[in-house]
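Trainee: The lines below spell out each chain.
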Amino acid sequence: MPLAAVAEGPMPHQYSNIFDPVSVTGHQIKDISWFVIGICALIFLITQGILLWCILKFRARPGDDGRDPPQIYGSTPVEVAWTIVPMIIVVVLFLATARTIAEIQIEEPPEEALVVDVVGHRWWWEFKYPEYGITTANELHIPTSTPENWRPTFLRLLSQDVIHSFWVPRLGGKSDVVPNKENWLWYDTPTAGMYLGQCAEYCGTQHAHMLLRVYVHTPDEFAVWVADQQKADVEDPKVAAGRELFQKTACINCHTLGGTVANGTYGPDLSHFMSRKTLGAGVALNTPENLRAWIEDPQALKPGCRMPNMKLTELEVDHIVDYLLTLQ
Amino acid sequence: MDGPIGTASETAPVSRWVTVHDWATTTDHKKLGVMYIGAALFFFGFGGLEASLMRIQLAFPDLQFLAPETFNRMMTMHGTTMVFLVGMPMLFGSANYLIPLQIGCRDLAFPRLNSMGFWLFFLGGCLLYFSFLGGDGLYGAGTAPDVGWFAYAPLTGKAFSRGNSTDYWILGIMVSGLGSTMTALNLVTTILCSRCRGMTFSKLPVFTWIMLVDFVLVLVALTPLTAAQFMLLFDRFLGSHFFDTQAGGSAVLWQHFFWIFGHPEVYILILPAFAWASEIIPVFSRKVIFGYSMMVYATLSIGFISLGVWAHHMFTVGLSPSANTFFAASTMLIAVPTGLKIFNWLATMWGGKIRFELPMLFSTAFLCQFVIAGLTGIMLSVVPFDWQLSDSYFVVAHFHYVLIGGLLFMFFAAVYYWYPKVTGRMLSRKIGHLHFWIFLVGFNLTFGPMHGSGILGMPRRIYTYDAGRGWDIFNLMASIGVAVQAIGILFFVWNLYWSARNGEEAGDDPWDAWTLEWTTTSPPPAYNFEELPVVHSRRPLWDRKHPEDPDWKYE
Ligand code: HEM
Ligand SMILES: [Cu+2]
Numbered sequence: 001m002p003l004a005a006v007a008e009g010p011m012p013h014q015y016s017n018i019f020d021p022v023s024v025t026g027h028q029i030k031d032i033s034w035f036v037i038g039i040c041a042l043i044f045l046i047t048q049g050i051l052l053w054c055i056l057k058f059r060a061r062p063g064d065d066g067r068d069p070p071q072i073y074g075s076t077p078v079e080v081a082w083t084i085v086p087m088i089i090v091v092v093l094f095l096a097t098a099r100t101i102a103e104i105q106i107e108e109p110p111e112e113a114l115v116v117d118v119v120g121h122r123w124w125w126e127f128k129y130p131e132y133g134i135t136t137a138n139e140l141h142i143p144t145s146t147p148e149n150w151r152p153t154f155l156r157l158l159s160q161d162v163i164h165s166f167w168v169p170r171l172g173g174k175s176d177v178v179p180n181k182e183n184w185l186w187y188d189t190p191t192a193g194m195y196l197g198q199c200a201e202y203c204g205t206q207h208a209h210m211l212l213r214v215y216v217h218t219p220d221e222f223a224v225w226v227a228d229q230q231k232a233d234v235e236d237p238k239v240a241a242g243r244e245l246f247q248k249t250a251c252i253n254c255h256t257l258g259g260t261v262a263n264g265t266y267g268p269d270l271s272h273f274m275s276r277k278t279l280g281a282g283v284a285l286n287t288p289e290n291l292r293a294w295i296e297d298p299q300a301l302k303p304g305c306r307m308p309n310m311k312l313t314e315l316e317v318d319h320i321v322d323y324l325l326t327l328q
Numbered sequence: 001m002d003g004p005i006g007t008a009s010e011t012a013p014v015s016r017w018v019t020v021h022d023w024a025t026t027t028d029h030k031k032l033g034v035m036y037i038g039a040a041l042f043f044f045g046f047g048g049l050e051a052s053l054m055r056i057q058l059a060f061p062d063l064q065f066l067a068p069e070t071f072n073r074m075m076t077m078h079g080t081t082m083v084f085l086v087g088m089p090m091l092f093g094s095a096n097y098l099i100p101l102q103i104g105c106r107d108l109a110f111p112r113l114n115s116m117g118f119w120l121f122f123l124g125g126c127l128l129y130f131s132f133l134g135g136d137g138l139y140g141a142g143t144a145p146d147v148g149w150f151a152y153a154p155l156t157g158k159a160f161s162r163g164n165s166t167d168y169w170i171l172g173i174m175v176s177g178l179g180s181t182m183t184a185l186n187l188v189t190t191i192l193c194s195r196c197r198g199m200t201f202s203k204l205p206v207f208t209w210i211m212l213v214d215f216v217l218v219l220v221a222l223t224p225l226t227a228a229q230f231m232l233l234f235d236r237f238l239g240s241h242f243f244d245t246q247a248g249g250s251a252v253l254w255q256h257f258f259w260i261f262g263h264p265e266v267y268i269l270i271l272p273a274f275a276w277a278s279e280i281i282p283v284f285s286r287k288v289i290f291g292y293s294m295m296v297y298a299t300l301s302i303g304f305i306s307l308g309v310w311a312h313h314m315f316t317v318g319l320s321p322s323a324n325t326f327f328a329a330s331t332m333l334i335a336v337p338t339g340l341k342i343f344n345w346l347a348t349m350w351g352g353k354i355r356f357e358l359p360m361l362f363s364t365a366f367l368c369q370f371v372i373a374g375l376t377g378i379m380l381s382v383v384p385f386d387w388q389l390s391d392s393y394f395v396v397a398h399f400h401y402v403l404i405g406g407l408l409f410m411f412f413a414a415v416y417y418w419y420p421k422v423t424g425r426m427l428s429r430k431i432g433h434l435h436f437w438i439f440l441v442g443f444n445l446t447f448g449p450m451h452g453s454g455i456l457g458m459p460r461r462i463y464t465y466d467a468g469r470g471w472d473i474f475n476l477m478a479s480i481g482v483a484v485q486a487i488g489i490l491f492f493v494w495n496l497y498w499s500a501r502n503g504e505e506a507g508d509d510p511w512d513a514w515t516l517e518w519t520t521t522s523p524p525p526a527y528n529f530e531e532l533p534v535v536h537s538r539r540p541l542w543d544r545k546h547p548e549d550p551d552w553k554y555e
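Going down the list, the protein sequences come from chains A and B. So that you can map any letter, position 212 of the first sequence is 212 in this note's numbering, and since no number is skipped, the others follow by simple counting. So that you can map any letter, position 221 of the second sequence is 221 in this note's numbering, and since no number is skipped, the others follow by simple counting.
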């Protein structure tokens, strides 16, 4: 299976442990999670302790007289006690929950915030930065935010088709991406790095391959990334054949290339495509070989995905790939 | 054809067709009860097969055993089957069989409606499975629905779900739901109107009480589901736009409808387990149930509160903070009566002389596993925790601990307990122990690790995943666990079959129990009781066995 071999490759090995968060909200969620887990563990130990005791202490013994034990029909004080005590626990938990909800669920971006429009598509993510006029896909770049240099990222979640859900465990929390509804999710993280996430709401055939990566940069690095994305593409004469082919075929019905006639929106924006680490929303690393396999037959790499096999000849694929490789 | 159907002469052996005809046309609540249980096991085979296929696909990362669409179909059919075609008939089967016996009457209020309810239920299930033959166009093989058992809009709209597979989902569930509604009405009427002399509401066995609450829930919950399904059909065929988001419809509306059904449904499925436990634990502890009235009030409040918690399935959908807070509160509140039940069962065991026969073994496992399920449920009601773990494998673990650790373990307990009444023979203890221990290990091996993969960020309903996320070992354990569970189930099925012929004779009252079903013969005659009983307490047989110290003195 040559194509399966292509699909593998050195993807980053990374845990997305929710108990190892890197953002402010992630830490808040972690704290309240340990709190409720602690309470539950205690309840578990108590109930199972009683159960174990009953099993060991009150089992019928072989030499028993066979008479039934005393019948106890109930006890009001006992029953009231084990209604009231859980009630108190519930109230405490509820207050902690209500406070954390109020702290986390914010839908008004503050002035300092970076606002990014996240659009869910079957089965890929689109990211738009209205502030910078940038559009990209599947890999979200955001700046760090520290108390001295406060710049939280506010994601405005929108859906193009069905319901998706945006989830990057280590950044904390998820929110559904619902058609006709605007949802908000925000991150405030001081820790630069790359964090894996993926769609969490079943959205059809390739729900499993609706992966995403979030790159958190220091403010300087982020400025560099923004500047790179804003640059116009250079027209390399060596790949003119590929460029022409791209503009002549149906590619442009679905894809956008900044500064050209291609302005389709059905598929990911391909401007600066080579600055992305993966293709097909994380289905494979973005290497020349994988790119080639993808152009030849996307359905083989990601069966059921919305990009058709363009039925290009070998030579045409060569041209297109050469051209795409120049989209730095 | 020799002779009119249904008359077998004494000398000629009863022809197989006469037997089949007899069962197919029966209106006897006991036969229908057995048929429901048989149907549950029949569909459990399909549901289990679908689960196994999914688990093979997920055993290792990047496996190519099932195509993505196939996996999604298995996922949809598995969930739909287990909820509607396995859990529901277990409830109806045991209620059908036992309630007339427990309340001392001869049959349900409307015997023929009962038969119709069963057949509608069963045909609905068959209609759903027929989609495998024709979901996409005519005889396009293997095209069962792939929209999830929750059928979220707009994925189920015409734009995203072509072909007819989703229509099969709608119609199959609707037809079987119609059957369930009829049967629930029938059982409610029966409990209200056909109790024997002396059986006031304060003397109803806890089992019957819980079942009564359950059927009221069935009636209340199935209605919004059916309404939503009609609206979806209108969207798909008549061009309405209730859920069609591309024409301004609402995706969230479907979720409200669905979960106003769906959450009570979860309680509909777990209440029978409570009902069975409330019979079995006292009998095997040799003690009266602790706090009868509290058990009844707890059941009523669970039934009531369960109608007001649906949006805890929607904490990530972007409801307002106040709605999230409200539904967190109502969800946490339901833990109080549920916990109360656990404590009352423990108190029933306390000071008893517990006989660890098979029904009690399964009940003990239930008391451990259901507590785990309940506690992870409380965790998920903490909304920020849910923002991380909803739609992850943690949730898959949570609700399988409810449905298998709770419902299925108690179902097994119930089968071991009442089988002697139904067949006149005991189930084999040796095979039963094999079944119990193997299934116990397999179940926990399958679903325990899923808590871990959820915490490591594995979303549910994905057909594959990459290596290196820390998920591999958990998934492999889960897949091995399924094979172990399957072996346990085989022992169970073998036991049902073997013991029907070779089991020890049971007698009328093999467990030394206390409710009315044990006063009649095993199996009971067609009309249940020679003479309708008269009761004076909740445990008529206790009174008979302990004339010096009868229950009615204390109630
Ligand atoms: C051998 C036993 C079982 C195994 C191995 C098993 C396994 C699974 C798996 C792998 C999933 C898909 C999880 C996902 O990706 O979301 C699933 C979903 C589900 N299972 Fe089971 N299951 C078993 C038994 C049951 C039983 C007995 C019930 C209920 C009575 C049940 C109810 C469900 C439901 C409601 C879903 C959700 C389907 C969905 O997400 O649409 N399962 N199960
Ligand atoms: Cu998605």
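Because the hints were derived from the structure by calculation, they are not lab data. Backbone N, C-alpha and C define an ideal beta-carbon position, used for all residues, glycine too. Heads up, some of the hints might be wrong.
[Stated by the list, open to error] The calculated label-pair distances, taken between Cβ atoms and stated as ranges, are: (1) B/H546 to A/T76: 45 to 55 Å; (2) B/Y297 to A/P190: 50 to 60 Å; (3) B/T223 to A/V78: 45 to 55 Å; (4) A/A300 to B/V14: 19 to 29 Å; (5) B/L490 to A/A192: 51 to 61 Å; (6) A/M310 to B/W494: 48 to 58 Å; (7) B/L219 to A/V92: 48 to 58 Å; (8) A/V92 to B/R501: 53 to 63 Å.
[Said to hold, decoys possible] Straight line, CA to CA, 16 Å or less: simulated EDC-like cross-link-like pairs of lysine to aspartate or glutamate: (9) B/K545 to A/D318; (10) A/K238 to A/D220; (11) B/K353 to A/D20; (12) A/K30 to A/D20; (13) B/K31 to B/D107; (14) A/K128 to A/E182; (15) A/K30 to A/D117; (16) B/K353 to A/D64; (17) A/K311 to A/D297; (18) B/K353 to A/D318; (19) B/K545 to B/D509; (20) A/K238 to A/D318.
Trainee: Which numbered hints turn out to be false for this structure?
Mentor: 1, 3, 4, 7, 9, 10, 11, 15 and 18
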